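Q: What follows is the residue order along each chain.
Number of protein chains: 2
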Amino acid sequence: MYSYNYLFEFTKNVFLKMGCSEEHSEIIADVFLAAELRGHASHGMIRIKDYYELWKAGRINVNPDIKIVHESPSTAVVDGDNGVGMVPARRSMEIAIEKAGTAGTGWVATRNSNHFGIAGYYSMMALKHDMIGICLTNANPLVAPTFSISRMMGTNPIAVAIPALKQPPFVADFATTPIARGKLAVAEKKGEKVAFGFVQDKTGKPSDDPSILRSGGSMLTLGGDRLHGSHKGYCLSAVVDIFSAVFSGANFGPFVPPSVAYLPVLEKKVGEGTGHFFGAMRIDAFQPAGEFKSKMDEWIGTFRSSKPAEGEERVLIPGDPEREAEERIMMEGIKLVPAIRDDLVAIAGELNVDFE
Amino acid sequence: MYSYNYLFEFTKNVFLKMGCSEEHSEIIADVFLAAELRGHASHGMIRIKDYYELWKAGRINVNPDIKIVHESPSTAVVDGDNGVGMVPARRSMEIAIEKAGTAGTGWVATRNSNHFGIAGYYSMMALKHDMIGICLTNANPLVAPTFSISRMMGTNPIAVAIPALKQPPFVADFATTPIARGKLAVAEKKGEKVAFGFVQDKTGKPSDDPSILRSGGSMLTLGGDRLHGSHKGYCLSAVVDIFSAVFSGANFGPFVPPSVAYLPVLEKKVGEGTGHFFGAMRIDAFQPAGEFKSKMDEWIGTFRSSKPAEGEERVLIPGDPEREAEERIMMEGIKLVPAIRDDLVAIAGELNVDFE
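Chains as they are written, first to last, in our numbering: chain A, 483 to 838; chain B, 483 to 838.
Isolated chain A (complex conformation) (with noise of 0.2 Å):
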């Protein structure tokens, strides 16, 4: 078991060595973290060593200087220069948040990004200015639109964040196809079947096999297939493809670059980099905030008093599960399977950072 503070320094540390800044090191080491600390090992620590390896292949900018390229009182498209997700990303929330301060809202599009961690960290970011946060991004292509057997969108996730008073914030944080990609490999390491819905074949068949993806098949979008509402998850994630790439100028859908160096960088560009697209709303645009964030308690206590199906305990509200995650893991620590352990004491070794 690993301490937060333990890996945070380890992070901050690798990217020191890789030429970020300070603050910059900082602001990937605590996205790297909330994504442990949520549950969401599989956008954590074992994404470090993606980031490496496109580093030493001179496929991402450490020194990015992030710029907004358009705006409006509203608006901003941000140019990332190609740096390290995270930064982009946080600088475009912050934007899209004094944004709001002004205008009521502010809605930031930005390019030339890439693999940013967890959504919900920069959706987070705009709970504490009583706004509500809006976070989509795109990804690489592994997701076939309803009736097609095409690789065209990523996991392309939603995050949306709203304060309540008493209660803790609402905070949905999901991928628009039924399962994350992750769950696909862990499955595949056991050697175990999935259930059918998460994907198909090269020829569109429904598959059970996670490790289809290898010989030509594609995840299904959330609704599984069309007769469940399979276009239904295809609009969702085509609409977060658009917003991501087209209104920023980054790449869209099957073009998206690799976030792993093993996958060359793709042949045919048209845009720049992974786009994302940042939402932030002010409450008081809309009521006066504290009559909404008790509104949103109210809200909150009627979903969460809702009646239990036979056999389930409670009914859960988003962000539920990850703030139980957190509170649990950031006492009993941070557990690293040895895989990733390795991983990052090899790197640890290359780069000189203390790590055991």
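FYI, nobody ran anything at the bench for these hints, they're computed from the structure. Being a predicted model, the structure only gives us computed values, none of them experimental. Note that CB positions come from ideal geometry on N, CA and C, so glycine has one too. Hints should not be assumed to be uniformly reliable.
Here are some, though not all, of the chain A residues that point toward chain B, as calculated from beta-carbon distances under 8 Å [stated by the list, open to error]:
{"id": "1", "residue": "Trp589"}
{"id": "2", "residue": "Ala591"}
{"id": "3", "residue": "Glu792"}
{"id": "4", "residue": "Val797"}
Dock chain B against the given chain A, drawing on the hints supplied.
A: Below, chain B without anything else, positioned relative to chain A:
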């Protein structure tokens, strides 16, 4: 078969006789007929009776005084004064478009409204202004959160319309449930079962009985069950509810008033009427409009040319089925099933309006 113009005039005359102004009656007829043309008959002529009965019961205001009650440069809250939903909804979207004209984006939350027809109609109002349009609404509670058997949410739709240049626009308009409620009613009338994944019985057991809502059952959120991501559909539906009702001061979740007169007025109120949420985003607040729309052509062309699965002819872009329905129905005319026609003949008789 009826012509578009005949049903438009009839619908307009029905609402004129109920006391709506000429302008409001035309708006209402326009939205009803848009639903018919776009192949969403469940939100078309079949619903006229519901509004007529609500009016007879004194539960809807045909002369609403629609007012902005709060605003910022990019936002407004609108009170719909219990009007026929289309009227406050159209006015609210106009305000969102006006706000976007000056602030880059415009966001309007509307309370004290009623069922407004198809969400796609309002999102599409933005297109001719070179804006992206967004529309959300809450609705009568029929849907249970994940792990619950309580009917806490409506089928809470999301509509997003995005303009292109030579390609037709991208228009997503979908309920956050696997299927629309109307499809359950159709299966029930035919005495057919439905697929599992749409509804559950009163204990939370999966059901294929389309009449299960009559015996304490509930609809499921997009995803169907927890394993297949129903918690993501729950997140979406909850966000629609909070944006529509908590931002505006309307009733949320289980307190949304019925849109039919045969269901009693609810005892508990937590706000005013039904709530909607509208957004307009000026394209050139992000990118020059011509460049953006030409990039959307490229996006649409790329996705339309993705490879169909075995047995499928083509991959669709959101909005394709509705646009094709519109072209066909505009030519062929609108068919009304005998039961709906009989209802309309009866209403026409009572109001002394021509209809045959």
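Q: None of the hints should be skipped; say for each whether it holds.
A: How the hints compare with the structure:
Interface hint at tryptophan 589 of chain A: satisfied, since its Cβ lies 6 Å from the closest Cβ of chain B, which is below the 8 Å cut-off. Interface restraint check for alanine 591 of chain A: the shortest CB-CB distance to chain B comes to about 6 Å, inside 8 Å, so the restraint holds. Hint status for glutamate 792 of chain A: holds, given a least beta-carbon distance of 4 Å to chain B, under 8 Å. This hint holds: valine 797 of chain A has a C-beta 4 Å from the nearest C-beta of chain B, less than the 8 Å allowed.
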